[in-house]
Structures are given as C-alpha cells and as structure tokens.
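J.: Protein chains in written order, with the numbering used here: chain A, 1144 to 1389; chain B, 1144 to 1389; chain C, 1144 to 1389; chain D, 1144 to 1389; chain E, 1144 to 1389; chain F, 1144 to 1389; chain G, 1144 to 1389; chain H, 1144 to 1389.
Quick caveat, the hints were computed from the structure, so don't treat them as lab data. Predicted model, so just to flag it, every value in this text is computed and none were measured. Be careful, since some hints might not be right.
Using C-beta positions, here's what the derived DEER-type ranges look like [unchecked claim]: (1) B:1214 <-> G:1204: 58 to 68 Å; (2) G:1175 <-> F:1219: 57 to 67 Å; (3) A:1245 <-> B:1228: 55 to 65 Å; (4) C:1159 <-> A:1310: 25 to 35 Å; (5) F:1336 <-> G:1215: 20 to 30 Å.
Reference listing, derived: stretches of chain A covered by chain B, where coverage requires no fewer than 3 residues with Cβ under 8 Å from a Cβ of chain B [stated by the list, open to error]: (6) 1344-1358; (7) 1363-1376.
With the Cβ distance kept under 7 Å, some of the chain C side facing chain H (calculated, not the full set) [claimed, not checked]: (8) 1152; (9) 1156; (10) 1160; (11) 1162.
Just so you know, even glycine gets a beta-carbon here, dropped at the ideal spot from N, CA and C.
Protein chains: 8
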Amino acid sequence: MENEIKKLLEDVKNGSISIDDALLRLKAQPFEDIGYAKVDFHRRARQGAAEIIYGESKTPEQIIGIINSMLKNNQKRILITRLSDEKAELIKKDFDLEYFSDAKIGIIGGFPEAENSKKIVIATGGTSDIPVAEEAALTASFLGNDVTRLYDVGVAGLHRLLSHFDEIMNAKVIIAIAGMEGALASVIGGLADCPVIAVPTSVGYGSSFEGLSALLSMLNSCASGVSVVNIDNGFGAGYLANMIVK
Amino acid sequence: MENEIKKLLEDVKNGSISIDDALLRLKAQPFEDIGYAKVDFHRRARQGAAEIIYGESKTPEQIIGIINSMLKNNQKRILITRLSDEKAELIKKDFDLEYFSDAKIGIIGGFPEAENSKKIVIATGGTSDIPVAEEAALTASFLGNDVTRLYDVGVAGLHRLLSHFDEIMNAKVIIAIAGMEGALASVIGGLADCPVIAVPTSVGYGSSFEGLSALLSMLNSCASGVSVVNIDNGFGAGYLANMIVK
Amino acid sequence: MENEIKKLLEDVKNGSISIDDALLRLKAQPFEDIGYAKVDFHRRARQGAAEIIYGESKTPEQIIGIINSMLKNNQKRILITRLSDEKAELIKKDFDLEYFSDAKIGIIGGFPEAENSKKIVIATGGTSDIPVAEEAALTASFLGNDVTRLYDVGVAGLHRLLSHFDEIMNAKVIIAIAGMEGALASVIGGLADCPVIAVPTSVGYGSSFEGLSALLSMLNSCASGVSVVNIDNGFGAGYLANMIVK
Amino acid sequence: MENEIKKLLEDVKNGSISIDDALLRLKAQPFEDIGYAKVDFHRRARQGAAEIIYGESKTPEQIIGIINSMLKNNQKRILITRLSDEKAELIKKDFDLEYFSDAKIGIIGGFPEAENSKKIVIATGGTSDIPVAEEAALTASFLGNDVTRLYDVGVAGLHRLLSHFDEIMNAKVIIAIAGMEGALASVIGGLADCPVIAVPTSVGYGSSFEGLSALLSMLNSCASGVSVVNIDNGFGAGYLANMIVK
Amino acid sequence: MENEIKKLLEDVKNGSISIDDALLRLKAQPFEDIGYAKVDFHRRARQGAAEIIYGESKTPEQIIGIINSMLKNNQKRILITRLSDEKAELIKKDFDLEYFSDAKIGIIGGFPEAENSKKIVIATGGTSDIPVAEEAALTASFLGNDVTRLYDVGVAGLHRLLSHFDEIMNAKVIIAIAGMEGALASVIGGLADCPVIAVPTSVGYGSSFEGLSALLSMLNSCASGVSVVNIDNGFGAGYLANMIVK
Amino acid sequence: MENEIKKLLEDVKNGSISIDDALLRLKAQPFEDIGYAKVDFHRRARQGAAEIIYGESKTPEQIIGIINSMLKNNQKRILITRLSDEKAELIKKDFDLEYFSDAKIGIIGGFPEAENSKKIVIATGGTSDIPVAEEAALTASFLGNDVTRLYDVGVAGLHRLLSHFDEIMNAKVIIAIAGMEGALASVIGGLADCPVIAVPTSVGYGSSFEGLSALLSMLNSCASGVSVVNIDNGFGAGYLANMIVK
Amino acid sequence: MENEIKKLLEDVKNGSISIDDALLRLKAQPFEDIGYAKVDFHRRARQGAAEIIYGESKTPEQIIGIINSMLKNNQKRILITRLSDEKAELIKKDFDLEYFSDAKIGIIGGFPEAENSKKIVIATGGTSDIPVAEEAALTASFLGNDVTRLYDVGVAGLHRLLSHFDEIMNAKVIIAIAGMEGALASVIGGLADCPVIAVPTSVGYGSSFEGLSALLSMLNSCASGVSVVNIDNGFGAGYLANMIVK
Amino acid sequence: MENEIKKLLEDVKNGSISIDDALLRLKAQPFEDIGYAKVDFHRRARQGAAEIIYGESKTPEQIIGIINSMLKNNQKRILITRLSDEKAELIKKDFDLEYFSDAKIGIIGGFPEAENSKKIVIATGGTSDIPVAEEAALTASFLGNDVTRLYDVGVAGLHRLLSHFDEIMNAKVIIAIAGMEGALASVIGGLADCPVIAVPTSVGYGSSFEGLSALLSMLNSCASGVSVVNIDNGFGAGYLANMIVK
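Looking at chain A on its own, in the form it has when it is part of the complex (with noise of 0.2 Å):
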C-alpha cells in the first residue's frame, strides 16, 4: 500500500494525473458497495482468487448479491459457511454449488490442487464434534492443503488416541476439536511439538453450558503451544491452520 501511494504522489507530482483525482483515488477502495454488504476484494483469502461469505445470518438473496458481485470481480472460487440446507437448496437454482450438509459449507469453483503433503491434523474427541471439524478440513482444503482426519479419539480412551502418535508427531499444526471437558487439546498440545488450535465445541449438556466449559478448559490448558478459537469456530480453526503452515 505504501508504494501505491508513493506511486500515486509521483504521478501527482509529474502531473499524470490531477490532485483531485490523486484525492478521490485515495478514498477509492477495493470493495463494491451492494447496499447491504460491503463485499470486499482483497481483505481474506487471496489464494488462487478465492473469497469468503459468512452466511449465518444472510438472507439467500443477500449471498446471491455477495456471490454475483464476487464472480463480477474475477473471484473465482468462494467458500460459504454456516450455509442452512434450506439457502443451499435455492442458490444451487442459480450457481454451480457443492454442498456439504454436515458441515454446512457450500463451494463454488471447486477445491485447489493441495499444494503440500499431511500437515494439517483434526483430531475430534467424539462422533459429536465431528460437523464442526468438517468445516475446519474443508475449510483448509479449500485454501489448499491436504488434511488429515483423526475422529472420535477422545482423552476416555487414551489408546485410541496413542495409535496415531505417528500422524500427531509428524503434524505441522494440529486442531483439536472437543465438547464436554476439552481435555483433548491438553493431552494432545503435551505430546505434540507444534502448534495446536483448540475448537470448543457446544457438544454435551448440563453445565457443560452450551460449550462454556470446553471453552474454559482449553483456554487453561496446561500445556504450552495451545491457542482457542470460539466455540464450534471450525472455519476459523482451518484458516488459521492455513496461515500457519504457509
């Protein structure tokens, strides 16, 4: 951004273009307003032209408008999460989707290529958790790497656990997923020499307070090199994952 600007101040200076201009370029920016949503073109993603919509809370015919505004701008291929069976239904009506019922995602324009071999780890503590770590390991395929899933290796069989000690040792980050008590990421954050991502989930009941304490537990964890994102934020898991490897 700093040459953009020192580029535009030259361009002022040998009078390629007008100080008005110059001001109204600086102001300009790289994101369409659709009323509804400033889509933005080059805050996330930038790999390969891929781009994000969070649609949680999104009408159908907002994700339509975010999509088409997308597409218009050369993004070739999008990554929708929290997408509702019942919104994929209808903008399937209109784009080329794959949709992921239990993790909620949607894509459009397809996976990359992974650019690396197994370095990202999911590991889940029970069956439960699983649509959560579905949407970390899409979410990391879809920005290009290749991902290794460990389900239902929860800390109340710790031998199910030690059977992968290989992949746990070999892993360059590793997300571990739990309801309940969360031990998973303090056992698996102690054996492991990278980092570890912690994903709570709202997996359990009672006081397990809709996540609250898998939240708590992973964020005491007693062993080094443990960071928590919010509860059932599988998405963020698998970003962060990607950011780390690369």
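Position chains B, C, D, E, F, G and H against the provided structure of chain A, taking the given hints into account.
T.: Showing chains B, C, D, E, F, G and H alone in chain A's frame:
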C-alpha cells in the same frame, strides 16, 4: 433408631417409663448445645471415637469449646480442618495438637493403624495442588487408610502419569486433584476401573476463575465413574474415599 | 496390559514373532475404526460382554453402524442412552430393541439377573425428576443391580422421606436426584452412612438456570460423603453406583 | 403432631394398640403413594380442604391421577398451576375445571368467599407482566383473599403509580411484579409501610437475561421491607401474601 | 399525606396561607439536607422515634453528622448497621453507643421493651452464620420484638433441627440463615406454617461463589411461603420480620 | 407542572374550584386506563402528537386497544416497535399501517418532514446487524431526523470504515451497532468528536453469548464519549440520538 | 484531515515538497513516543489545550513523564484521573497539582471559566456514590461546565428526589449515579426530557456483585433516553455530558 | 519414540537386553521425581538445553530444588515465570539469576543469539498492558527470537497503530495484548496477513470483570487468523509465537 423407638414403646407399655418421659426421650438429641454450636456426637466419623471440626470461620475460643465438649463426651481422636497457623498456635497451648501447616489440618489423638493396604490413590496435576491433596490424604489416614501419593502427574506430560500405570490399575478409589483445565480426572477416569473422585482446585489465573474452569471440566468428564466435590474440598474427597473403600 | 507387553517381548526374544510385527501389535488397538467412530471393546462396562452407546448427537445410521460393529465383536448386550423416540423406531426395524421412552434408553440383549439384593437406592425430589431417575435405574439394572426407587420425596415434605428411613439406612449407595434447590442430597447425606451420588436436574424455572441452582447447592453440601455428577446425568450416577457397589 | 404422638403412647400404655401397630402408625404418612407421586394431604394450603398441584412437567395422566387421589381423600378444592392449554383440555374431559389461559391456572371446586376486604395489592410494571400477576392474583383469591390489581404502573411514568397512592398506603401486603430493570419494587417499597413481595419476571430482552436483571435489582433494593421470590413465580408470591395477611 | 394536602388547600381557600407559601410547603421535605446526605425523618422505622443508619461506606465524620441531625430532630433511638470496630471507637467518644462487634451493630438509646412474646425465630445452618443472624436479631429487638435464636441447626444433622420442632411450629415468622447449599430454608419452609424469610450468607468456599449458591438455592425453594433477601442481609430480614409480625 | 399546581391553588383561593375538586384534579392523570394498560399521553415522544407502542409481548387485541385509545386522544402519528409480521397483518385490517418487516416496525400516520440535514450517522459492523440498525433509523426518522446509513463497515476491514471518514467527522451523533466483538464502537469513538451511542447486537455464536461479548466490549471502550444501550435496542439508540440532536 | 492531504498533494505538485518528504509527512503522527506511552496531542479534550491522563495502573514515573511531554507540547491544563493519594504526593513535588482525594482526581492548570449556566445535573442514589459523582463533576468542570449536584436522592425516598423537580426538568443532560438496584436512572429517565447518562457503581454487597446488579438494571431501563457507561466510570459520564451539552 | 521402541525390540531379539530390563526401560521416564515435582527433561523448550519453571504457587525452596535438578541434568538455560521479587531475591543468593521485575521473569544462563530478524511483533493497547507484553517478549527472546515492541497503540487512537503499518505488514506473527474492550486484536487481525495471537489482560475495572470483557471480545473477533490464550498469559503467547515462527 427404629429399634430404639420399639424399645421405648415397650417400656411405655410395661410401665417402666412414663408417657411424659417417653415423649421427652423421643425429643432428646445426641448432641451438646454449647450456645454457638450444637456439638454432634453420632453424626459423622464414628470410627474409633473420631470426630471432625471444620475450623474455617470459627474463632479459636469456639474451637477450643467444641474440643472440650468432644473430649468430655469421650471422643478420643479429633480432626480439625481449615485451621490457620495462628489458631493452631493458640490451640496447642491447651491440647496436644499435631499440626500440618501445608494442609491446614490439626489432629488430636494421633492417626490409627491403617486397616488396609494401599488402596486409595491421590494424584495431582501439579505441585501447586499439593495442599488440597494433603488435606485429602491426612483425612483418609485419620480415618484409618493407607494412601498412595502421585503428585505432579498432569496431562501435559502423559509419561509421568503412565509411569504409575500399576498404582492406577490397582486402586480401589482414586482422588484426582487438579486446577486449570482439570483434565487429569478424565484421563485417569479413562484408564482406571474404580470410582474417581475429582477435586477441582483454585490453582490457576485468568479464565480459571478461581477453580470454575476445572470444576466445569470435571463435571463434564467424558469418562464414566467420575464424580466431583467442591473446589479445593480435599477433606470431602478423603472422607468419601474412606466411605467407598469401607 | 503390562503382562501382554511382557509376553510380546518374550515372543520377540524366542523368535515366534518378528520385530516389525511386534511393533505393529504394540500399536494395534482393541477398537474398530468405522470412520465416524472408533468402537471400543474393552473400555467400559466389561460386565457380561455389555457395552454402552451415548446416542445424543449421533445419527440413527451412526448408531446402527456402531451396534453392528459391537455385535460383530461379540458384545451381546448393549445399552443406548439419550435415544429419542424417532431414532428408537428406526433402530427397532433392524434390531430387537427394548425401549424406555421416559428414560430415553434402549436396550439390546435384555437385563441380566441382579447379582445382589437391594443395595442401590434412587430418590427424587419430585415427579418431574423421574426421567433422570429412570436413566440411572435402568443403567444400574443393566449392569446387574437391584434398585429401590423412592420418587417424590423432596424436602418440602420431610415425612415422605422419613417414612423410608429404613431403605436409606440400609443402602450401600444412594443416588439423590433433584432440581430446583437440590436440598435432597444434603438431607439424605446427613441421614445416611453410605456414599451419596447427587444428580442435579434441569427441573425448575427462572433462577434455577437450567439446573445451575441444584448443581451449586449439591456441590456445597454441608453433609460429608456427597459427590456430584453433571446436570441430568442419570447414566453417570447409575454407572458410578454400580462401580461403588462392586 | 406432638399431641398425636402423646395420644399414641397413651394408647400403647393402656393396651388399646399393640406395640407393632404403634410402630407402624408412627411411620404411616398422611399421603397416598401413587407411584410417580406421593400425594400429600396435610402439607400445604389447609384452607377449606384446598390443595395445589404444580402442573409444569407432569403428564396429563399424572395430573389426573393426583386429582383423583385428592378428591378421594376429601380435598374439595384444587388449584393447578403452570397448566398448559392442551393439558387443560384433556383434564376438562374428566373434571369440572375452570381454566384461566393467561395465568395458566386451572381450578376445581371454585373460589371461596373472600374473608377480608381489599388488603393484597398486586402491581405490575407493564402489560407484559400480567400473566405472572394473574397467577398471583388467582392464587390469592383461591386462598380466600380479595385482591386489588394495579397493572402497567412502571416507574418510567411515575404519575401512573402515584395516582394509586391510596391503595398502596392502605395495603397489608403488596406484590410488586416487574421485568426489565425491576425498579418497581424499590419505588413501592419506599412508599409503602407494609411488606413488599417482589416478583422479577422474564419480560425483557438482551441483557435482561431472562429475568436476571430484575432479580438482582430486587434483591439489592435500597428500600427496607422488600423480599424476593423466584423469577415469574406468581404462585409463590400469592401464597406468601396469603400467609402474611392471615 | 392526602389529608395534609387537603388541609393545605383549605388553608389556601380561607386565606390563612398565601399561594406562594402553599406552593413552597408542597415542595418542602421532611428531611434535613446536610450536603453529603439528606437525613430522612419519616421514611423508616417510625417506632418510638427510632431511626436507622447504614454505616458501610460512610466515613465516621458523615455518620456523626447524621446522628447529630437525627438527635436534633428528636430521634431518640438510633440503630447503626455495618459499623466497623474502628468507626465504633470514634463514635463512642461523642455518643453513648452500645456496640455489638460480632453483628457490627451500634445502638444509641437502647432497646425498647419487647411488645410481644417470642414470635420471631432466627435459625442458622452453622456457627459461621451467627454474625448475620445477630444483625437480624438485634434489628428485630431494636424494633421491639422478642427473638428466639436457634443456631447451628443445619440440615446435615436433622435431629438438631427437629429437636426444636415446637419453636418452629409456634413461630409467627422464621428467619432461616444459611450459607453453602442453603437447604435450611426449604426444610424449615416445609415444616412451618408461617412466612419464612431466607437469608443466604457468604459462608463457604469454592463453588459457593460468595453466597451465590445459597442465594439460588433459596430462590428455588420447593417449599411455599419462602422469600429471600440479599446475601448477608441480616438487617433486611430483621426489619421485614418486624413488619410482618406487626 | 409546577405552573399547573400554582394555577390550581389560585383557583382554589379565588373560589373558582372547590377544595374537593382541586384534590381530585391533583390526582387526575394524563393517561387513559384501559385495564391491561395505562395509555400515557404526555410521557414520551411529544413531537407532533407522536406516540410509541412497544409491541413485543402484547397481544394484537391489546395493541389495537392502545392504538384506539391514542387516536381517540388526538395522537396522529404512532410508532409500534417489535411488531411481528403476524400481528402487523391483523392490525393492517383496522388501521392504515406502514410495516417494515426487517426492522419489525409499524408506523401509523407516516414520517414527518426531516427538520435537519444529515446529522445522525448509523453504522453497523456487518450485514447481520441491519435489522437493529433499521429499528434505530426508522425511529430517528419517525422523530423527524435525516439519517445516514453506513452498513457493513466492521473493523476487520478498516478501509471500508475509513472511506466514510467525512460522514463520521461531520456527524452530530453516531450510532455504532455491532455484534461479536463489538469493536466498532471503540474505533468510531476514537475517530469522532461527537457522542457515540453503542448498540451491542446478539449477532454471533458460541462465546458471543447472545450479545454479552459485544455488550461488555462496548461498556469497556477505551474511547471517551461512548455510552451503551441494551443488546439489540435499536429503538432506544434512535430515540436517544434524536434527544441529543435536538 | 482531508484538507491537509489535499494541501500536501498540492505542495507535491508545485514542487514545494519532495515526494519522499510527503510520504514521510503522511506517516508522521501528532503524538510523542516516550517508550511506555505514545502521548497523544490531538485525540481528546481539545478545549483550551487541555489533556487527560488515566492514572490507574501507571507508575508515578510514567505519569510524570507524560506530564512533561504534554507541557513541552503546549498543553496548559491537564486532568489526571484515578490518581491515588500516594502518587499525588509524589507528583506534587514536581508540579503545581490540585488534588481531590475523594474523587482521586488531580488537576494541573486549574479550572476554566464555566461557559454555560447550570445545565449538567449530577444525581446520586446515596452518600456512598459520591466519589464517582465527584469524578464526573470535576471532569465536567475541567471541561468548562457548571454542574448541579443532587446527592443522596435514591428512589427509596421519592420525596427527596421530587423536591428537586425543577433542576431535573431544566437540565440539558443528567448523570444518574447509583449502586445496588440502580433504579435512580429509570425514575429520572421517566421524569426528564433530556438525555440521561447512567453510571452504575460498585456500592453494595452480596448479590450486587460489584456493580453488576446496577449495571444490568440501568441497561434494561424502561425509560427512553437512558444510556450507560462502565461501572464507577464517573470520568466517562462527565466527558460525555460535556460532549452532549456542547 | 517409535524408533526407540524398535531399537529396544531389536535389542531384546539379539539378546543384548533381557526381557525384564526391556520392560523396565519401557516404563522408565525422562524426568526426575523430587517428591513435590516430577522435573521433566524432554517435555518443553528443547532449544539449547533450555527449560521453563512456572513459579506462581511454588515455594522458593521448591523452585531451588527444581533448578538444581535441572542443572544436574544438563539444562544450561532456565526461564522462571511469575516469579515475585521476594522469591527472586532468595534465589539470587544461590544462582546467577537475571531478574525482570516488571515481567516477573527470572533467567538463568542468559539469552541466546537471536536466530532470525525481526519477525515477532508485540503490540499493546495501553501502557498498563506492558507487564504482560514483557512476559511475552522475554519468553520469545529466551527462545531465540528477535522481538519488535509496539506499546500503547490502542484503537482509540488509530493513527498510533497505523504509523506502524510497515511492522505489522512484515510480521510473521503478531501478539496483540489488550485489556478493557480488547479491540486491538480485531483491528490488527484485519490489517495483517499473518497469525495473530490475542492476549486479553486483566487491565480495566468494573464490567471488564478481571479480563473477561477482553477475553470474550477476542474470542469473537470478526477478523480471521486470530486465536486466543488465557488472560494475562504473556508466556503462552511468546512460547506459541516461537513455535509458529520456527
């Protein structure tokens, strides 16, 4: 108690006690009322004339009064918990008190011979949990048990815990004590075949919220056979362990 | 497990197994990996080839897959908890399932002969706590225990509880189940000589905060010998009661 | 009860009852055990053979069973709280039930003549608090009181409250019902000379946290003479008001 | 107040007061403004010229100023709550103050003759709750009541409470004071026929969360006729008890 | 009001009104009591005979009753907030209602001419906050203001916000609306010279805890000049903005 | 700022500044970096060269360093908030500091002439809220306002508040400061026509939870025109009041 | 570890180790058990024989014991966190300890040469966050990194942060440290392309609730690539940053 009532009614019937006396007897209580406390002589420990005083918010004078009432009523061994160094000093002037500063426990009348071989295992996540562990250990010893201590075996270094695999598998009951994320209870619960009493501690900072994190974690343990007592309640765990073993 | 390792090493020494095979064996796990779950065959119940499935957030397909894996591995009796009516209907099509709608429990392979006379007492504060109580009772029965039910004996009408004084005094372990203020655990804990497993329930409204009130109340019980499991965790209480009795 | 015991002992003495029968009688309870409930006949209202059923989490069948048990035991008037429209419809088929949909209250046997002139005042902060207020009002009426209703007199329009200064000053007890910030209790408590029963309601949104805001506000009232019952507990307030007036 | 306004209007009509003076009078207040406080002379106690000062966060100078203003305005008896030993020492230099260190209460002008026989019963769960109980007891005595104290009758030893069955059944109002699990209020509420004022105390540790546990427990009491005041608010309970009795 | 009282007293003096009538008048209220509501005619908006109804938990019948009372009392323009689509449909049958489904706002009597040029700026962090923003915008418009909308300018893409630097610097008051981490308020507060009204929204998931995260964030803003209203309280922000501007 | 950029670009064009210098200028900041702080010279008060230092967790040496940096940069008047007595003593040695111990505020350079007549009213619920009120009052005075103080006018004695009806009706903005139940904000909000800034205080005990009770109460105010700042944030309220008035 | 096991099995096969010795070796642990701690020699840092001690709740004697055990086992460089001034004084008597009072960190064996150019950027919202930042900075330096410090760049003065745009854009990982509303993490996360480790601090008052506000804010960051560690956990952030960079 039913037998006592039956005996009483028989006495009424055969005239060996008057109706008014019987009524009075029905209301008589096995405790001494010393104003600020109703000293109870049958409620708790009942092993070898042993009794327990919770010292936390009692004045030294109140504690001394209760001790006197107990001794007068033939309790030969007394355990005082949550006893500060200052109060212990004052009580030592009047009684032959054995004091454990780390555990804040005072004992009159000494420990009994342990009736059983090592069955109660007490494990802590870290060094800082030791005071709570000692409260549990001394309580269990006072009640006639032999105790195995496994300190600083937190889940961030699994090999430290696994090196004590034998003690864990042979225990009749395990007390798992940990602050921070409290994952120790789940991991031990997953390994052991016996009841696990989880004691969350207030060790930690920030989002451990004075033990809340470990408490929630332990309540949501995915391992079966785990139950929980109050934060820092080493006494309760030691007392319950004794109950289960006997 | 130590013995198995020793045997393995001996086999290596005398050449009856190759080094690579031994290494493989060391990493082999007594579970079957069916993708979404690692079905565990030695972790839990171990009484008469019995196994347990937590049905809450699993799909019917996943549950059926796990049942098949279990039956194939010689588990003859299976307990499924948190099983909705709808899922039960679907499973009944494939298996001989006994379903208890109140407790949301399904059982394959029936109940065993109870090994012991009435030792586990299950008490509830009110009528609304019965589903949790039945989850505990059926779990304990499934594990081979005879259970005494004392329902609707809350502390607001002490005479209802006191009329069952005999059962309480003769119990080996008592499960005290209550919502709202959860005082039942303390009152029973004060009367009984055996371990009391307290189960807070989400029964109540307003400041019961989905069971938080009863949970805190039970954790702070002034009666010794009381420990607590998660809100509405009838299964956990029944399972632990079985462990203590045996 | 003491008198009954005395009488019993006299009967034992003069031989008009055997010891075993006396023992049995001592353990006999003034309730009927119908399995899912122990229907209590002396615990509660005791005014004119009136009894109360908390309908919330009972099935229609259970409620009908309890009603039958009560009628059989000579309770002529029955109040059922937290009774949904659906359950009321079902019960109406078997009994002559007067149903108040707003307050979710059903009454069998009608209201008694009010014994006293208008002494209980029930005030609400807003229109939305009326269901809770009606639960209180109908309960108090059922117990034989005349009730004055002051609805929608919240503190944001003080003149609406002050226009009823006379009713407030002449009340024997006031029930102040409000959600949101719950300030009504303090303002009425500052004006009145009589006990004020504060009922926080779950009316509000956002940081009212389902009534927590009003609850805390009322507990911290700077006006003396104010006490608080559970969120939305109109019944409890009406019942207590009757107790205080009588 | 209505009468005063009517009188005022009549005076205006018959010319015995000018319009401006009447207007002034309407706005005149029965309090003295001493800068940091508006000392109120008609708001509270009104029994025998008695007044109350909440001493907590006032400086000794402020308290002395308020006392002087009260005495000057003919208040003969003054109750000061939450008065530390240090402040009491300073105030004693200027006034004839009777100080109760345990309850942190100071009294000027002494106690009145009790107007009624023992009607207010004050019960505590343990010895540690006594300071709060004494605040309640002294407040009630200051307002002219005779008080019965039942200390250390917690539910973990029911016989201690039941031995005072007579006092409980004959009370006009009972103040139930307890920390930890706060079950005392429910048990007493289930036994008694009169209003029960529940006072949670901050006695306890860990998950008692400074009284939150007892507070929630008491708010959710399954016994009818129970209402709650703030944590440790002995004064409020004593004041309200007096209101109900009178 | 003081003037009215003075006038009343003068009327008493000169005999143009009797004492009893004056007394009555003093107690008369500028509201109509329609049973379930006391419809207030001078409390709120007061701009061009406009009035406001909070529709949330009122029945359609109640809302219609209040509208009728208002119209009868000469209120020409009415704003109804939190009005569901269903209720709006019913009300449209009787009245000429303009309904905004997104904002859940209904308006009778239309919008006034805006009195001032663009002074109130309403900014949102994301697309999902728009319903709350529209509630604020329509309220402010209804009260006679011209509003500038800056939607989807969250801090994760600062350039989107900075591109509207002019609007921010020229505002008289800014309403900053955001869920999740609520940082928008601090960033705007740091840029702007005018008061900032922060509105946390319940947009988000997991540890946003229904808006708690944004609420706390905004309350702790390190920027001066920021104050906060309730979660999702767009109406309150719009109303207050109008007050500040005028 | 836009103008400055335009000017800069013009200078570039006409050659009066080099491109590199312009780039440097664009990045130059109106603050001085003194290592532990970046002292800001245009951010805040901007009235008469006045600046503000938040003294809470800064060392005396840091505060002195910041003062020196400010004076050197021509700030003539400085306000220091949250300044302990000890720190004030140290700072007085180097600077001419006016210190207000109650409000923990220190001022260098004195107060300006008040520009307007009494428009800001500051009201407190009790005597204990005065320190927070003085922080607000001194801040507003420092910024050039005349302030009216109404202390100890809590809602439990409405007549004390109503006796100041004139001040309330004539205010341009009111700061309502209260702890405990925080009802003052709603009552004043219901009376006044101007914006009300509510300041919850940590005054209270038990379930006031350090100000949480008052905070929630004020956020849920049923009166329109009320917004809230952080607990005990007198400075923020005084600063915002100045912003609104100007 | 797999290799070690393989080697062990080979040794068993070729008879160079006995079966019993192999079994023993399999259970041998790379830690020294000194009673109150199991000093771990391979778990953590592993860079240049460096080890870390968490000093918080350990006694000076325990810390000294652990240091001795480490030195004896060839650890040449030791980092001690949360070390109070008093403990540091005592330890200095025995060892050559470099102590940083602000960060509460002690170092034995000095800092290594930094292996990389400035890649880790540490930014704080205010001056008060510096102690936490220094804990992070010294930890990262101890692990061989060069650190760039950007202190007091909170979002309320965006220009202070933006003036360091270059450092932010060139970082490999950024540690964003802030209390109060914690918005710094989101703003930096929105600007930067690298992973951001957010550290909430307990700086603030009132509704910051000891760091809860910043914690929730950071967990809900709308910027991707942000993860969170415990409140005030500077060490954890520094340690993780090192892991990511390497």
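J.: Next, verify each hint and record whether it holds.
T.: Here's how the hints hold up against the structure:
no., hint, verdict
1, B:1214 <-> G:1204: 58 to 68 Å, "holds, 60 Å"
2, G:1175 <-> F:1219: 57 to 67 Å, "holds, 58 Å"
3, A:1245 <-> B:1228: 55 to 65 Å, "holds, 59 Å"
4, C:1159 <-> A:1310: 25 to 35 Å, "holds, 30 Å"
5, F:1336 <-> G:1215: 20 to 30 Å, "holds, 25 Å"
6, 1344-1358, "holds (count 8)"
7, 1363-1376, "holds (count 5)"
8, 1152, "holds, 5 Å"
9, 1156, "holds, 5 Å"
10, 1160, "violated, 10 Å"
11, 1162, "holds, 5 Å"
Consistency with the previously given hints fails for number 10 only.
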